[in-house]
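Student: What follows is the residue order along each chain.
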Amino acid sequence: MNNKNMIEAKKGFFEITLTVNGEPLELAVKNGEFLLDALRRHGWKSVKKGCDTGDCGSCTVLLDGKPVLGCLVPAVTAHGRAVTTIEGLGTVRKPHALQEAFVAAGAVQCGFCIPGMILSSKALLDAVPAPTEAEIRKALDGNLCRCTGYVKQVEAVKNAAKKLAGKRRA
Amino acid sequence: MDATKLKVVNKPVTKMDALGLACGEPAFTDDMDFNGLLHAKLLWSPHAHARIKKIDVSEALKVPGVKAVLTYKDLPRVPHTTAGQGYPEPSPYDTYTLDNKVRYVGDRVAAVAAETVEAAHEAVLKIKVDYEILPAVLNTFDAMKDGAPVIHDEEDSKNIPDAQHNIAAKFDFEVKNGDWFKEADHIFEHSWTIPYLQHCAIEPHISIAYFDNTGRLVLRTSTQVPFHVRRIVAQALKIPVKNIRVIKPRIGGGFGSKQEVLEDIVAALALKTGKPVKLEYTRKETFISSRTRHPATCRMKAGVKKDGTITDAEMEITLNTGAYGSHALTVMMCSGSHTIPMYRVKNNIRFIGRSVYTNMPVAGAYRGYGATQGFFAWECLMDMMAAKIGMDPVEFRRMNYIKLGEGSPVFKAMGEGREGVEQVITSTGLFEAIKKGVDEIKWAEKKAKYASQTGPIRRGVGVACMMQGSGIPEVDMASATMKMNEDGSFNLLVGAADLGTGSDTILAQIAAEVLGIKADDIIVTSSDTDITPFDVGAYASSTTFISGGAVKKTAERVRDMIIEVGAKILDQKKEDLRLEGGKVVAADGVSCSLSEVANTSLYYYNQHQITASASHFAHTSPPPFQANFADVEVDTGTGKIKILDYVSCVDCGTAINPQLAEGQNDGAVVNGISHTLSEEMEFSSNGTPLNASFRRYKILSAADTPPVRTFIIPTWEPNGPFGAKSVSEIGINGPLPAVANAVYNACGIWLSEAPFTPDKVLAALKKKG
Chain A
1 MNNKNMIEAK KGFFEITLTV NGEPLELAVK NGEFLLDALR RHGWKSVKKG
51 CDTGDCGSCT VLLDGKPVLG CLVPAVTAHG RAVTTIEGLG TVRKPHALQE
101 AFVAAGAVQC GFCIPGMILS SKALLDAVPA PTEAEIRKAL DGNLCRCTGY
151 VKQVEAVKNA AKKLAGKRRA
Chain B
1 MDATKLKVVN KPVTKMDALG LACGEPAFTD DMDFNGLLHA KLLWSPHAHA
51 RIKKIDVSEA LKVPGVKAVL TYKDLPRVPH TTAGQGYPEP SPYDTYTLDN
101 KVRYVGDRVA AVAAETVEAA HEAVLKIKVD YEILPAVLNT FDAMKDGAPV
151 IHDEEDSKNI PDAQHNIAAK FDFEVKNGDW FKEADHIFEH SWTIPYLQHC
201 AIEPHISIAY FDNTGRLVLR TSTQVPFHVR RIVAQALKIP VKNIRVIKPR
251 IGGGFGSKQE VLEDIVAALA LKTGKPVKLE YTRKETFISS RTRHPATCRM
301 KAGVKKDGTI TDAEMEITLN TGAYGSHALT VMMCSGSHTI PMYRVKNNIR
351 FIGRSVYTNM PVAGAYRGYG ATQGFFAWEC LMDMMAAKIG MDPVEFRRMN
401 YIKLGEGSPV FKAMGEGREG VEQVITSTGL FEAIKKGVDE IKWAEKKAKY
451 ASQTGPIRRG VGVACMMQGS GIPEVDMASA TMKMNEDGSF NLLVGAADLG
501 TGSDTILAQI AAEVLGIKAD DIIVTSSDTD ITPFDVGAYA SSTTFISGGA
551 VKKTAERVRD MIIEVGAKIL DQKKEDLRLE GGKVVAADGV SCSLSEVANT
601 SLYYYNQHQI TASASHFAHT SPPPFQANFA DVEVDTGTGK IKILDYVSCV
651 DCGTAINPQL AEGQNDGAVV NGISHTLSEE MEFSSNGTPL NASFRRYKIL
701 SAADTPPVRT FIIPTWEPNG PFGAKSVSEI GINGPLPAVA NAVYNACGIW
751 LSEAPFTPDK VLAALKKKG
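So the protein sequences, as listed, match chains A and B. Here the numbering used here is used: position 34 in the first sequence is 34, and no number is missing along the way. Here the numbering used here is used: position 197 in the second sequence is 197, and no number is missing along the way.
Bound-form chain A, shown alone (with noise of 0.2 Å):
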C-alpha cells in the first residue's frame, strides 16, 4: 500500500490513496470530511447515515477489515489502508454467504441498518467462525435496528456461520 503523503490538491481538499473495496484508488476528501461522507459522495450509496453521532452504526464499514463508524473516523483517517463497504462483499449477482444468509432469514426489512450489520457480522466471522448467539449480539450491538426486533438477524448470521464453515472444510 502507498504510503507517500496526503497532497492538498486543491484548497480545502486532500488526496487520499487508499483501496475501497480492493481497487486502489485516489480520492479527493474534504478539509475535515469524515470517511461516511466522503464514501457517500464518491457513490457508495450503502454507507448510510442514520444519526452522524456514532450511535446506530449504519455507516459502519471496515477499515482493514476491522469495523469502524464512518461518521467518527475522519476521512483521511483511510489513507494508506484498505476500506470494505458492502458493494465489497457481494453484489446481486453474486453475493456473500452473509448477504445470502441475512435475505433467507426474512433478516431485511427496511434495509436501512442491514450493510452496517453485515459487515459487522463480517469482521465477527473472520474473528470468531463459530460464534454463540451472546457473542452475535455483542458484535450486532453497536448496529441498531428498529424493525426487526433482531431475531431474524442473529439467526441469520448463526446461518452464515454454519455455511461458511461448511465451504472452509469443503
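Hints in this document: simulated from the structure, not taken from any laboratory. Model, not experiment: these values are computed from the prediction. Some clues are possibly wrong.
[What the hints assert, rightly or not] No farther apart than 20 Å at their CA atoms in a straight line, the calculated lysine to aspartate or glutamate pairs in the DMTMM-like style are these:
no.	chain 1	residue 1	chain 2	residue 2
1	A	K94	B	D520
2	A	K30	B	E122
3	A	K30	B	E115
4	B	K760	B	E680
5	A	K11	B	E115
[To be verified] Going by beta-carbon spacing under 8 Å, a handful of chain B positions derived as facing chain A:
no.	residue
6	L21
7	A22
8	A201
9	F255
We put the beta carbon where it would ideally sit given N, CA and C, even for glycine.
Given chain A, put chain B in place with the hints provided.
Tutor: Frame of chain A, contents of chain B only:
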C-alpha cells in the same frame, strides 16, 4: 376454508427487495445524486411559545451560496394538517407551512436553501428574530384550565373543538344498561401513563424536491403516504395536484412517523429557487421536530362480579398532542375503539377522550395508534380484577374475551374520527393463541414455582391479550393495476407503500396465487403518484387487508381476460379452464402457456393488452388477535427488571408470508419492550428536549434485547384476501401490560408509569413496604 391448498400465499417467499438492500444497492431517497442540488436547513424555535415580532433575513441572504430564505411572509397562509389521512382529514387544520407564531421548542421559524450544508447552516444562524415570548403550558392538566395560555389563538384555524381550553379533539360516548356499578362486587379505578416516545426509524426524515423536464415538481421522499403528500403539499402551497409527482423509493422505516406530511417546506424552497433541494433532518431534528407517540394518561374504572363477570367499564383518556393536533382525534378514539371491545362488559360502558394542545413536540401516528395507550390500562386492570376475585388471569380473560360471532356497541359508536361500523368477529384464533402461549411459557408450572419465593430476586409471569384493526372501514381505499407481458410475466402497479414491511412481496404473492404463477413472475412497481393507482398508504394496519383485496380483485379480472383468450386458443369453453403452473389448463388436460396467451393477445388475435385495474375498500375491519406472555425477573435490590422469555402468539388470519409476518411481529414486540424498559423523551422545565439522540434516548440494541418468540396461529378471515388480516401494529401493544402483570406476579407491585425504570420499581417496592 384454510390455507393448506394455497401454492404461493402462506409460503415464505423471499422478500423481493431484500437482496438488493443486503448488497447496498442505491435504493433510498438520498441514494441518488442531483446536479446542482441545494441543501435545506431550518431555523427551529428556541422558545416553547412565542410570537415573531420581527424577522430579518438580510444577513442570511448575504452568506455565499445561499439561494433562498423563506419566512412566513413569503408563503401562502393555509391552515392544514400534517396528518397524512384520507380527505377530509379528521385532524384539525391548525398548521401553517411557516407562521408568525411558534408553539414549541423545535417549531419551524424559517427555511434556507444553499449550495452547501455549511452555508445553509451559517445562514440559519444569521437570521435575526425578535420574539415576544408568551407564557407556555407544558402539560395537559394545566392546558385545559380556564385562563391557560391559548396555543391556537389564530382565527383561521379550523375544526378545533375548544381552542380556549386547548382542546384539539374530544369524543365521549356511553352505553347505558342500568345504574353504573350496581351489579359490581368490586370496583377498581386506576391511572396509567405513557411518556413522549419516538419512532426511531433509522433513516431520518428526508425529502428531495426537483423538477422534471416539463417543469413539474417531483418529491422523492421517505413517506408512508405518497398520495396524501401530493394532496396536502398542493393544498398548503396552493399549487395544483397535477403539477406534483410524489415518488416513494425504499424507505428506512416509518412506524407512523412518516405518515406525516412535512414535505411542504422543501417543496416551497424548490419552487422559490427553481432548483433541486434536499431536506434531511438530523437525528436530533427527527427526535424533536418530526412526530412522537401521544403521551397519555388513561384512567380506567371497572366493576367486576365475584364470578368474573365484568359489569361496567369506563375509560377516560387524555392525550398530549403537543403544539399541533395531528391525529389528535383518531389516536384518541382508537385508544378506546381498539381496546374496550376486547372483553364483554355486561352493563355500562363509557369513554371520555380528550386530546390537548401543549407547547411540546407534536405527536402523531405511531404503530399501535392509541391501542398501545389503551391496552396498557385495560390489560393491567384485568389483572387487578383477577387478583381481587382470586381468578387466574388467563382464566379470567378466557371467560370474558370477545368470541367468534360477537360484536360490541363500541364498534358502531367509535370509528376513526367519526362513527364506526357495526361488526361482529368473523375470525379469531385467540383461544388457540392463549393455549399456545400458556404451553410455551409454561404458565401453570411457573405460577406454582413462583408462588413461594424468598430473597431479593423475584420472578413472575404475566399475560396480555390484544386486538387491533385491519384498515379503517369505509374510509381506506386501495387500488391496483396489472398488465401482462409476452413471457407470461406481469407488471403489478400499486399505490401501496412498502416501508420495509414486505408489502410489495405479499401483494405479488396474492396476485401470483390467483394467476397460478410464481411470485417472481410479478414485477412490482409501487408508490409513484404518476404511475401507480391510488392507495391511502401504509397505515392503520391496512395494506394486507385493503391493498391485498385490491390486488386480488385485479388479478381475478386479469385471470378472466386470460381465460377468454385461452378459450380461443384451446377451442374450449371458458368455464372448463383454470390457471395453473403458468398455463391455461382445460378439464381434459390440454393446455397452453401464459406466454402463448400474451403473444396471441398482443400480436395475433383480437389484439389487446391484457390489463385490469380494481379498487377495494371494506365495510368491516376484522381485528387480528394476540396473546402475549412475559416471564420476568425483578431484582428488588436494584429495581432492575430482566425479561427472561417473551412469547407472542399472533392470529393474523392467513399469514400471506409467514416469515415476513413473524418479522413484523418480532419488531413490534421488541419496540414495545423497549417502550416498557427504557424509552422516554425528557424535557427541561421550559420544554427543551434533553435526550434527543440515540445515546441518551435508549432503544434496545441486539445485546440487550431479551428472547422474543413469535408464533403464528393460523385462522381464516372470510373478508380478507386468502383469509388474511393485519399483523404489523398489534404486537407493540402487549409488552407494557404483559411485563407490568408479570412484575406484579413477581413482587406484588403494580407499575403504571412507563417506562419501568429501576427508580420506579424501587419506589413502588418501598411504597408497598
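Student: Are the hints correct? Go through all of them and say.
Tutor: Status of each hint after checking the structure:
1. Among the hinted pairs, K94/A with D520/B is consistent with the structure: their alpha-carbon atoms are about 19 Å apart, no more than 20 Å.
2. Our distance criterion of 20 Å between C-alpha atoms is met by K30/A and E122/B, whose separation comes to about 18 Å.
3. With a C-alpha separation of about 15 Å, the suggested pair K30/A and E115/B falls inside the 20 Å cut-off, and the hint holds.
4. With a C-alpha separation of about 13 Å, the suggested pair K760/B and E680/B falls inside the 20 Å cut-off, and the hint holds.
5. Distance check on the hinted pair: K11/A and E115/B sit about 18 Å apart at the alpha-carbon level, within 20 Å; holds.
6. Taken as an interface hint, L21/B checks out: its beta carbon lies about 3 Å from the nearest beta carbon of chain A, inside 8 Å.
7. With a least beta-carbon distance of about 4 Å to chain A, the hint placing A22/B at the interface is held under the 8 Å criterion.
8. The interface hint given for A201/B holds, since its Cβ lies 6 Å from the closest Cβ of chain A, which is under the 8 Å cut-off.
9. Interface hint at F255/B: satisfied, since its Cβ lies 7 Å from the closest Cβ of chain A, which is below the 8 Å cut-off.
Violation of the numbered hints given earlier is absent; every hint is satisfied by the structure.
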